[in-house]
Amino acid sequence: MLAFIIKRLGQSVLVMLVVALISFIMFRYVGDPVASLVSQEATMADQAQLRERLGLNDPVHEQFFRFLGNAVQGQFGISYRLQTPVSELILSRLPATLELAFTSVVIALTLGILLGVFTALNPKSWASAGIMAFSLVGVSLPTFLIGIGLIYIFAVELQWLPSFGRGQVVSLGGWWRTGFLTESGLRSIILPAITLSLFQMTLIMRLVRAEMMEVLRQDYIKFARARGLSKRAINFGHALKNTLVPVITITGLQLGSVIAFAIITETVFQWPGVGSLFVNSVAVVDVPVMAAYLMFIAFVFVVINLIVDILYYIVDPRLRVGGSARGT
Amino acid sequence: MSEIVPLARKSRFARIIDSDIFYSYRRSPVAILASIVAAILILAAVLAPWISPYDPFNPRTLNLMDGFTKPMSESFAGNFFVMGADNQGRDVLSTILHGSRVSLFVGLSATLFAMTLGVGLGLVAGFRGGLTDAVIMRIADVQLSFPAILIALLIFGVARGLIPPSQQENTALMVLILAIGLSNWAQFARTVRGATMVERQKDYVSAARIMGVNPVLILIKHILPNVVGPVLVIATIGLALAIIEEATLSYLGVGVPPTQPSLGTLIRIGQQYLFSGEWWILFFPAMTLILLALSVNLLGDWLRDALNPKLR
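If you're matching them up, the sequences are chains A and B in order. In case it helps, the UniProt record's numbering puts the first sequence at residues 1 to 328. In case it helps, the UniProt record's numbering puts the second sequence at residues 1 to 312.
Just so you know, not all the hints are guaranteed correct.
Under 8 Å between C-beta atoms, here's a sample of chain A residues computed to sit facing chain B [as the list claims (entries may be wrong)]:
1. ILE151
2. PHE154
3. THR251
4. LEU255
5. ILE264
6. GLN270
7. VAL282
Computed Cβ-Cβ distance ranges for the label pairs, DEER-style [stated by the list, open to error]:
8. A/PRO59 x B/MET287: 45 to 51 Å
9. B/ALA134 x A/ASN70: 29 to 35 Å
10. B/MET174 x A/VAL137: 29 to 35 Å
11. A/LEU172 x B/THR116: 50 to 56 Å
12. B/VAL198 x A/LEU136: 54 to 60 Å
13. B/THR116 x A/ASN70: 54 to 60 Å
14. B/PRO49 x A/VAL137: 31 to 37 Å
15. A/GLY228 x B/VAL228: 54 to 60 Å
16. A/ASN122 x B/VAL30: 41 to 47 Å
17. A/VAL72 x B/LYS70: 56 to 62 Å
FYI, nobody ran anything at the bench for these hints, they're computed from the structure. Note that the structure is predicted; figures quoted are calculated from it, not measured. Virtual Cβ for every residue (Gly too), placed ideally from N, Cα, C.
So here's chain A without its partners, still in its complex pose:
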């Protein structure tokens, strides 16, 4: 157990080191860090002095280790565009993205499981056929068009919900400003969260449907029916319970993608999160923010993968035997 965790941890650290190397190369060689910091009146001597002070003349490996040291402490330098520390920028925008991702995962899980169970239990009804066809169209449409469509229906035509921003936010003490506690905040999150959840929802729905249909064919379901258990007890107590493990795994693994896909949704709805910060940085080549965002997303992915792997290892005893035999 311990050996597995240490080995898995080692792999994660290796991945993070590679990502850090890519970030460092971007940080150091894309654009000139000095040129973007000094004012236009700076003389060559001033620039050389700044270059020396920033340590840009040191050997490359020393610079990389310094970059690593700073990154571990959460320091990624100063944004070229906004002239504020990158770590502050990301921290101030992180709650918006996390709240959006959390809400959309909750929506995707609830609706995905409900619709999946419904289509599995009534495979021949016209409603199921409609839901399946709708999910196919939903997958092949670009996310930003779905967002625009929702804005058109609910903000322009019906005027029920706001089309941009986060509404009113309140501070939860410290840097976390939440939109969950105000009415306008809650109304603002509905459209972006639905947009972001749609893809995950269809994924979860199809997964639940397939697993559920598989499980319903098993003998223990027949036996439960023979025992005269109520339909509800069989469908939800016995069948659904056994489909949930893969669903939770997929949802966990997709959490990183949700945060990454938030880039598009946040731009459509002008949601002040990390994703829109990243897009704006790419447009003006604000390298420190890009490098920091890359490290951030990679970190999220690596941590989630690590947790899922360890959970699997704990839950599934077969992996313990297989893992040591394969030796990979």
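Starting from the known structure of chain A, fit chain B onto it as the hints suggest.
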């Protein structure tokens, strides 16, 4: 026995008509409809400079008085617009024709680039095995676990930082193709590698090896034709993905330059007029993008089923 006609005697056209693929095509109404829609859209895009009613990028023929003309109506200046005019008085139909030309060009080039790179690396990985295989597939694994749009954005940003500002306008399309292509090669590599590993063990490859054929030649002349079927399917679906990816990047404002608007750019412009009631500036480009992506996607799905011997 004399009435047996050798296969080669039949014309190429007749052989296509008799083939399994064409049979499956005739039996699938979805495929026929999708291919007709895709063909019309592609033809319209290719012929855009000759068939579009106005030249939307020539400032001399633009008239600001035409701005916001409704669809199917005549403007104050006396010009007729089938799909209306946008804020600058550009004919929406003409901008769509030119825009889908840019979208298709970027999508096709990026898919070709991704295909060449992915198939090449997949062949090498599957044929060589060992460390080469491990390195290439590890990179593909890592890349596949991140969304393509994120990788394309990063590559785009890095390329923008490396190219001097004076060159950015000319190189923007190339950078976009590079970014989308590099974010989509892994899928090809994975499929081709698997197929190559199967083919590598077959007798004809051993025979070629024993005869002393150059390994590069074995890969290209003997193995490649046998792994090309699934590549076609991935390329078709990949084209739909690349078109959507390009539209997304352009919508985010980091794609094509403003002088060459693609469908994504047009949608970005149109969204600004959603609240003021000029729906046509957004609606028609969006519908074109949906039709294009959906028809190519459906064609890919059909091709996958048609080429899958298990489903026949």
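Hints and how they fare:
1. Hint status for A/ILE151 relative to chain B: holds, with the closest Cβ pair at about 7 Å, below 8 Å.
2. At its closest, the beta carbon of A/PHE154 sits 12 Å from a beta carbon of chain B; the interface hint therefore is violated under the 8 Å criterion.
3. For A/THR251, the suggested interface contact is broken, since its CB lies about 15 Å from the closest CB of chain B, more than 8 Å.
4. Of the supplied interface hints, the one on A/LEU255 is violated, with its beta-carbon coming no nearer than about 12 Å to a beta-carbon of chain B, more than 8 Å.
5. A distance limit of 8 Å between C-beta atoms decides the matter here; for A/ILE264 the minimum to chain B is near 6 Å, and the interface restraint holds.
6. Interface restraint check for A/GLN270: the shortest CB-CB distance to chain B comes to about 11 Å, outside 8 Å, so the restraint is violated.
7. At its closest, the beta carbon of A/VAL282 sits 4 Å from a beta carbon of chain B; the interface hint therefore holds under the 8 Å criterion.
8. For A/PRO59 and B/MET287, the Cβ-Cβ distance of about 57 Å falls outside the hinted range of 45 to 51 Å, so the restraint is violated.
9. Restraint check, B/ALA134 to A/ASN70: a C-beta distance of roughly 32 Å satisfies the suggested window 29 to 35 Å.
10. Checked against the hint of 29 to 35 Å, the pair B/MET174 and A/VAL137 passes, with Cβ atoms roughly 33 Å apart.
11. Checking the proposed 50 to 56 Å range against A/LEU172 and B/THR116 shows it holds: the Cβ atoms sit about 52 Å from each other.
12. For B/VAL198 and A/LEU136, the Cβ-Cβ distance of about 31 Å falls outside the hinted range of 54 to 60 Å, so the restraint is violated.
13. Separated by about 39 Å at the C-beta atoms, B/THR116 and A/ASN70 break the suggested range of 54 to 60 Å.
14. Taken as a hint, the range 31 to 37 Å holds for the pair B/PRO49 and A/VAL137, whose Cβ atoms sit roughly 33 Å apart.
15. At about 57 Å, the CB distance of A/GLY228 to B/VAL228 agrees with the hint of 54 to 60 Å.
16. At about 24 Å, the CB distance of A/ASN122 to B/VAL30 disagrees with the hint of 41 to 47 Å.
17. Taken as a hint, the range 56 to 62 Å holds for the pair A/VAL72 and B/LYS70, whose Cβ atoms sit roughly 59 Å apart.
Of the numbered hints listed earlier, those contradicted by the structure are 2, 3, 4, 6, 8, 12, 13 and 16.
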